[in-house]
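A.B. asks: Sequence:
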Amino acid sequence: MKQSQLFGHTLRENPKDETSVNARLLERGGFVYKNSAGVYSYLPSGWRTLEKIANIIREEMNAIGGQEMFMPALVEKKYLDATKRWDVPIGFEAKEKNEKTANFVMGWTHEEVLTAIATRYVNSYKDLPFAAYQIQTKFRNEPRAKSGLLRGREFIMKDLYSFHSSEEDLKNFYEKVKAAYFKIFNRCGLKAVYTIAAGGVFTASHTHEFQVITPVGEDTIFVCLKCGYAENKEISKLEEGDKCPECRGEIKMEKAIEVGNLFPLDTKYSSAFNLQFINSEGKKEYVIMGSYGIGLGRLMGTAVEIHNDDKGIIWPEEIAPFKIHLVEIAAKQAEENSVKEQAEKIHEELIDKGMEVLYDDRDDKTAGEKFADADLLGIPWRAVVSQKTLEKDSVELKQRNKKETKLVKISELLNLKFSAKGGSAFGGKI
RNA sequence: CGGGGAGUCGUAUAGUGGUAGUACGUAUGCUUUGGGAGCAUAUAGCCCGAGUUCGAUUCUCGGCUCCCCGACCA
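In the numbering used here, the protein residues as written are 5 to 434.
Just so you know, not all the hints are guaranteed correct.
Once the Cα atoms are required to be at most 25 Å apart in a straight line, the calculated PhoX-like pairs of lysine-lysine come out as [what the hints assert, rightly or not]:
(1) Lys392 - Lys344
(2) Lys20 - Lys6
(3) Lys406 - Lys374
(4) Lys230 - Lys130
(5) Lys195 - Lys182
Honestly, the hints are just simulated from the structure, not real lab data.
Just so you know, these numbers come straight off a predicted model, no measurement behind them.
My request is simple: use the sequences and hints to build the entire structure.
C.D. replies: Take a look at the structure:
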């Protein structure tokens, strides 16, 4: 991708009305555009990261048997009436107010919708268990949108729902989701704490949240420094300095961002929709359910909150919009064997290798500005091509999160793996 | 929903009861090129409505929007 053609460019100044780090950096970097408070557009580079997150989630959900599907964003009253959630103030009503459309709400969750769908297809214990998920925009009448991508009025969410014939089976699957969530957050460069919490409008029982500890978090959790046991303040009887109920370690109070959650729903929704199955003894039973959410935008915003420095974003490898940032410097056009010509060639060859590369081919930018932009954009690897490096048939390679640089032969560059795992692409040379 | 702050070119800001400067950006030309370079020219703006006034971007009132704190919530 040529940077001169990338839709959306960087801003030199922080946006006037943003104080949160993720909003400032993502807007300055041209990753997102704020349309309204808590309502964002993802520009092409930001959408690349969002899609990477989505694909990581898809991989891990599919790995535990989740099946991707897609449900309507418009949810009719009949669904939410069944669980008395039509009047929950979280919902935005659809704009049209005529008789036909007054009965719709912009979907803020889909337990009811999928449970209703399941009533047609679940008859026997042989139809269970199954788990289906979607990645879709949710709409919530957020009284106070804030902190950039961390709390919006609409947000892209992965919502997974599981259906079981027994509590035991739900528990087993719950543990699988828990393990998958740890993988997802790790792959996104985040260390999450598994936390016991309350269920809000979703369920009366206790739930679990994945919390990323950071001062900008709006949740408060009590977490054991030793074993990682944690409780959300909203249900916890712990206090800072207490002994951990699991390991007697020290409990600390921390601010945290909730990046994912798991809800044991039991029969709350199946009973409301009369979702029953015939068990192996020929008797009817309610289906046992669970639901599991991850906010993708919030996850992206959290990654930025955690991974940045005073110059910009430092994307974790797996969710970086590009793997390598090829920066040409002092390029003069229309000269034989010019820097630009060479850089173009390297760009093409990297693309041929299947590398995701952003190529800063801009002629009207100085070296300083290109470096500043590279730091702001936070792509994991930066390869500088200039007269100086070409004299040695090389590019200057640098990792965004490291200080040192190294000249690497162009031929060698094209064979590097730039792998997120297994250490440095320098192969131990640096 | 309560409290606080703020709305001026694309961005960041200055300023005024007589319609507005600056910097960056953008455009054109030339000179530059290893950490936001230089010269010249051009470009574009007072959130909306009502009131006061000869005249309102400025004052008053109302509204809308954005940010922050709190309550609520993924």
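A.B. asks: Now, for every hint given, state plainly whether the structure supports it.
C.D. replies: Structure-based check of each hint:
| no. | hint | result |
| --- | --- | --- |
| 1 | Lys392 - Lys344 | holds (13 Å) |
| 2 | Lys20 - Lys6 | violated (29 Å) |
| 3 | Lys406 - Lys374 | holds (18 Å) |
| 4 | Lys230 - Lys130 | violated (43 Å) |
| 5 | Lys195 - Lys182 | holds (14 Å) |
Against the hints set out earlier in the document, violations occur for numbers 2, 4.
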